[in-house]
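Quick note, the sequences are listed as chains A and B, same order. Going by my numbering, the first sequence runs without a break in its numbering and finishes at 389. Going by my numbering, the second sequence runs without a break in its numbering and finishes at 225.
Mixed in with the good hints, there may be bad ones.
Unchecked claim - When the alpha-carbon atoms are kept at most 25 Å apart in a straight line, the in silico DSS-like pairs for lysine-lysine are as follows:
#1 B:Lys-26 to A:Lys-301
#2 A:Lys-112 to A:Lys-125
#3 A:Lys-9 to B:Lys-123
#4 B:Lys-123 to B:Lys-77
#5 A:Lys-9 to B:Lys-77
#6 A:Lys-301 to B:Lys-77
#7 A:Lys-374 to B:Lys-123
#8 B:Lys-77 to A:Lys-374
#9 A:Lys-112 to A:Lys-170
#10 A:Lys-301 to A:Lys-44
#11 A:Lys-155 to A:Lys-109
Derived by calculation from the structure, the hints in this document are not laboratory data.
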Amino acid sequence: MNFITLALKNLVRRRGRTGLTLLGVAIAITLLFSLLSFNVGYEKQLSGELESTGIHMLAVPKGCPYEAASLIIHGGVIPKYLSNSDVAEAKKIEGVEIASPMLLHQFYKDEKPHIVYGINIEDMKRLKPYWTVEGRFFSHTEDTVMVIGRNLAEKENLKVGDVVPFGPDKIPFTVVGILERTGTQDDEFHFLPLEVAQRTFGKPDQITTIAIRVDDISRMSEIANQLETIPDVQVVTMTQIMGTIMNLVGSAQTLLISVIIIAIIISAVGIMNTLLMSVNERTREFGMMKALGASGLDIGKLVVIETLLITTSGGILGLLVSIASTSLIEGFVKGIIPYSPAGRLMSPEPRLIGLCLLFSICIGFVCALYPAIKSSRLTPMEAIRGDLE
Amino acid sequence: MIDELIVAKNLTKIYHRGSEDIYALKNASFAITEGEFAAIVGPSGSGKTTLLNLLGCLDTPTRGSLRLNGREISGLKEHALVRLRRENIGFVFQQFLLLPTLTVRENIALPLLFSKKNGGNGKVDEVIRLIGLDARAEHLPNQLSGGEMQRVAIGRALITNPRIILADEPTGNLDSVTARAIFDLFQDLNGQGLTLLVVTHNVELAKMAHKIICLADGEIVQPKS
Chain A
1 MNFITLALKN LVRRRGRTGL TLLGVAIAIT LLFSLLSFNV GYEKQLSGEL
51 ESTGIHMLAV PKGCPYEAAS LIIHGGVIPK YLSNSDVAEA KKIEGVEIAS
101 PMLLHQFYKD EKPHIVYGIN IEDMKRLKPY WTVEGRFFSH TEDTVMVIGR
151 NLAEKENLKV GDVVPFGPDK IPFTVVGILE RTGTQDDEFH FLPLEVAQRT
201 FGKPDQITTI AIRVDDISRM SEIANQLETI PDVQVVTMTQ IMGTIMNLVG
251 SAQTLLISVI IIAIIISAVG IMNTLLMSVN ERTREFGMMK ALGASGLDIG
301 KLVVIETLLI TTSGGILGLL VSIASTSLIE GFVKGIIPYS PAGRLMSPEP
351 RLIGLCLLFS ICIGFVCALY PAIKSSRLTP MEAIRGDLE
Chain B
1 MIDELIVAKN LTKIYHRGSE DIYALKNASF AITEGEFAAI VGPSGSGKTT
51 LLNLLGCLDT PTRGSLRLNG REISGLKEHA LVRLRRENIG FVFQQFLLLP
101 TLTVRENIAL PLLFSKKNGG NGKVDEVIRL IGLDARAEHL PNQLSGGEMQ
151 RVAIGRALIT NPRIILADEP TGNLDSVTAR AIFDLFQDLN GQGLTLLVVT
201 HNVELAKMAH KIICLADGEI VQPKS
């Protein structure tokens, strides 16, 4: 027999209490691991999504705040515009590989928002080389044609070749292509030739943003400064956009973190309370052990091992529950954060598993400390006989 | 020369309760020789537990001297007391204090866990045979009678080969027939040279002792050899 066997046998003796304490730890670790996985997964997903745009920075109208730039990248519309001359100026700057004008427009159909991108298709093919299409892409000389995202096609039950009334004048447009699923926001959008979009929505020569790709990323800052010399142009880099979105998400995260901290505190207080109760109930047992040769350290060690067995098992259970219910937790989190990128938001990485296990062990140590010291200081015969003679 | 295993001189233990000093033991002096059977008797509150604490190296005296196997325990640090206890003392309690989830065998082997000695199954089996519980070795305490539980407790006290057994009211929870069997077991052990100190209210058990230490209000009032 060793201390671990002895500790296990004692925990089994108090099954109900052990189970409930373990459950408390498991809930706290489930929440902690889910939040950490979400944090890592969200940032990774968002970063991946921004990278998938193939764009290094956006030239937007001056006065357009970062939040608005963030909206643009995800299909939002702002009431300020650049012009074709701004695009021409941007293209002249050395180091600008692509300067692709875009018009964004939003309209509602059956009370659901639809996003329209007016684009230069040749630029987009270079910015998003991973785009493949069922049917075909349109050319910039074509009229009343569109390519749509896969999710949109499924939602609207549209097929290649379908003709749909489109725009404020309900002009019949032909769906010439449907994008193969990209796993990004592009799956939700309508794409039209830029000039067609400008005409359809009554915004001739108006451009919402210029998507810029540079030929050397290390020169981004220098090129951004040059772009900002164009009157009415402000540059927002993808890093800034990501920071803005992360800030938006930050408030929701603060709420989640608060809930988790409270859960962990409740769990820790619960464990300590259970341990103290257990120590008080077992004064005679510990007194007997001391009389039989156990040192204070032996008794403390037994209490710590019992606690660690509970918290580590609780930690493992919490991790399993969290990993098993990833989809459920993702659905919940997506409902409360302001913006969520497409794809999996949770990233249960091994280092996070290790971190949470370590955390559950640390909780065990912290909670066991006081009860272990208390139990190790028992005076054996007083404990055994109940009072002093 | 008589081998004195325990020598107490003017042994005093004072507990402090607020500003009040409580004399749990006052100037107790006595000696126990190797192989002796001594009974400690006295009413509740007379200082029996305090004396047992001191003799068992669970506490140190406030004043006076207590030598165990030639070693003075006054002023010893906790770790030295633990070592003395492990090497010399076996405890038997009135309430048996067996761990309910451990079998007879595991309960008996428990002190080996603390003494870091590997007694091995041979030693445990030997003790189980000695206490006459061969057929009950794998049973749990709730499957045993009171007498059997006390035998397990005695076996547990014997497993580390102590020089002294301190028994605190060992027959207090047993009927007279079972108590008699436990007396016999104690006598057998004493016959094998083991030193026994038994706190008891049982007159019959006290009569079997070579020496009676009678306590009243913390003082030895009627030492009898």
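Consistency of the hints with the structure:
Of the pairs offered as hints, the one joining B:Lys-26 and A:Lys-301 is violated, with about 36 Å between alpha carbons and a cut-off of 25 Å exceeded. For the proposed pair A:Lys-112 and A:Lys-125, the alpha carbon gap of about 28 Å is over 25 Å, so the pair is violated. A C-alpha spacing of about 23 Å is found between A:Lys-9 and B:Lys-123, which places the hinted pair at or below 25 Å, so the restraint holds. A hinted pair counts as satisfied when its Cα atoms are at most 25 Å apart, and B:Lys-123 with B:Lys-77 does not qualify at roughly 31 Å.
The straight-line distance between the Cα atoms of A:Lys-9 and B:Lys-77 is roughly 32 Å, outside the 25 Å bound, and the hint therefore fails. Restraint check for A:Lys-301 and B:Lys-77: the C-alpha separation of about 20 Å stays at or below 25 Å, so the hint holds. About 34 Å separates the Cα atoms of A:Lys-374 and B:Lys-123, which puts this hinted pair outside 25 Å; it is violated. At roughly 19 Å between alpha-carbon atoms, B:Lys-77 and A:Lys-374 fall within 25 Å of each other, so this suggested pair holds.
Restraint check for A:Lys-112 and A:Lys-170: the C-alpha separation of about 17 Å stays at or below 25 Å, so the hint holds. The hinted pair formed by A:Lys-301 and A:Lys-44 fails the criterion: a straight-line CA distance of about 42 Å is larger than 25 Å. As the CA atoms of A:Lys-155 and A:Lys-109 are separated by approximately 12 Å, the hinted pair is consistent with the 25 Å bound.
Violation of the numbered hints given earlier is confined to hints 1, 2, 4, 5, 7, 10; the remaining hints are satisfied by the structure.
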